[in-house]
Each structure stands twice: as C-alpha cells, then as structure tokens.
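Chains as they are written, first to last, in this note's numbering: chain A, 322 to 435; chain B, -15 to 91.
Calculated directly from the structure, the hints in this document are not laboratory data. Ideal placement from N, C-alpha and C gives every residue a C-beta, glycine not left out. Each hint can be trusted.
Pair ranges (Cβ atoms, derived):
id	chain 1	residue 1	chain 2	residue 2	range
1	B	42	A	422	17 to 25 Å
2	A	386	B	0	43 to 51 Å
3	A	334	B	37	47 to 55 Å
4	B	39	A	328	36 to 44 Å
5	B	-13	A	361	15 to 23 Å
6	A	334	B	2	39 to 47 Å
7	A	422	B	-9	20 to 28 Å
8	A	402	B	59	43 to 51 Å
9	A	334	B	24	18 to 26 Å
10	B	91	A	348	36 to 44 Å
11	A	390	B	24	20 to 28 Å
12	B	2	A	405	38 to 46 Å
13	A	392	B	42	33 to 41 Å
One side only, chain A facing chain B, incomplete, derived with CB under 10 Å:
id	residue
14	327
15	365
16	369
17	413
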Amino acid sequence: SAVISQKPSRDICQRGTSLTIQCQVDSQVTMMFWYRQQPGQSLTLIATANQGSEATYESGFVIDKFPISRPNLTFSTLTVSNMSPEDSSIYLCSVAGAVGQPQHFGDGTRLSIL
Amino acid sequence: TQLLEQSPQFLSIQEGENLTVYCNSSSVFSSLQWYRQEPGEGPVLLVTVVTGGEVKKLKRLTFQFGDARKDSSLHITAAQPGDTGLYLCAGGIQFYFGTGTSLTVIP
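Pulled out of the complex, with its shape left as it was, chain A reads as follows:
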C-alpha cells in the first residue's frame, strides 16, 4: 500500500494566521482527500483534491477558507486560512486507487490555534 507523509505533524498557530499542510505519497494515486477530525471522533470530509483542477468541496467547506492544491498525482496541500480557535483539529490526508475503494491515510496534522 501507498506510504503517505504529512507535514507538519503538529503546530500551534496564532489566531488570524494561515498554515499550509503538505501530503506526499510515494506512488501515483488517483484519488486524494482531506479530512478533519476532532480527537476521538469520526472523520469529516473537507474536499477531494483533483489533479490539475479545482478541488471539490463538501457542504460547509469553502475554497477561500481551505484552499487546496494538487499539482501532480503524488502531492497535495491544504491551507487553513485566517485561523480561529474553532479550526483547532486534526487534519488528515488520504489516498485511494479509485472512487469507492478503501483509503490509506497519513498520520495527520494536529493543529491548535491560540
């Protein structure tokens, strides 16, 4: 299975700043996703990162707040913009071979906003 590296693993940020999270995969993958998770709770899909085009966002998430890039089949970034304490969460990147196939996850980025 694919090996997924997420950076940073954790960060503490000031209110109003932005942070970019990187997701690097060791092989080309078709599908890449970004999730948000509160500790001990389930995952909420933020968006599907599309290679060479705009990401597809789920209800409640917008591009201005969570801009996503995917320049190729092995790399994606998620930016959390103009952060507030409500953005404190774990952000996870995942990949899949195709729609509906099982996913493989990175270890996540634990983000705290002061």
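Since the structure of chain A is provided, determine the placement of chain B on it from the hints.
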C-alpha cells in the same frame, strides 16, 4: 447524505471479554470498510465487505455485512489491550465515515 450510525459510541471492557460493534444506515452500500485508528495515527483499513450476508474473519475479529447491505457488525473475541482504539465503518462513493466506536480494553 448517507449517514452511518455506530453503536456503542464508547466501550470499556476487561481483557478476555467479547464485544460487538454495530454500523447501521438507512441507505444501501455497494461495500463497507472497517478501520481502526490509534492515537496519533491515521485510520488503518481492517477489512472490506462487499456481498450481502458476507462474513470475513481477521484473527479474533469477525466482520459481517447485512443481507440488505445497509448494516455491518464487528465482533471481537477475547479482546486484548492491543485492540484498544477508535473503530470506524465507512462506505459510499463520497466516503462517508460512521460516528465511531471508541474501545478501551483494560488489562
């Protein structure tokens, strides 16, 4: 939205006990996956069930897909502390995740 409700939400048991976790929905799924997540890590795939009524075994873990493909269960026999974690079911084209079951196995 295809909701996947898991029960129980929290479970704390003694080592050696058996347990069952349920994943229920009003929607039909072509397949369901079960994942386990440990603190500080991403979820790890345990199994995928595809056929209605299917039963899969992974050592002490038994997974079953409902006949109507709307529900699934995970049974753990003789639980061990290493089974501690967050168990998540997932399904659907949009990768909906269940509400999660946090399991703690006490030595």
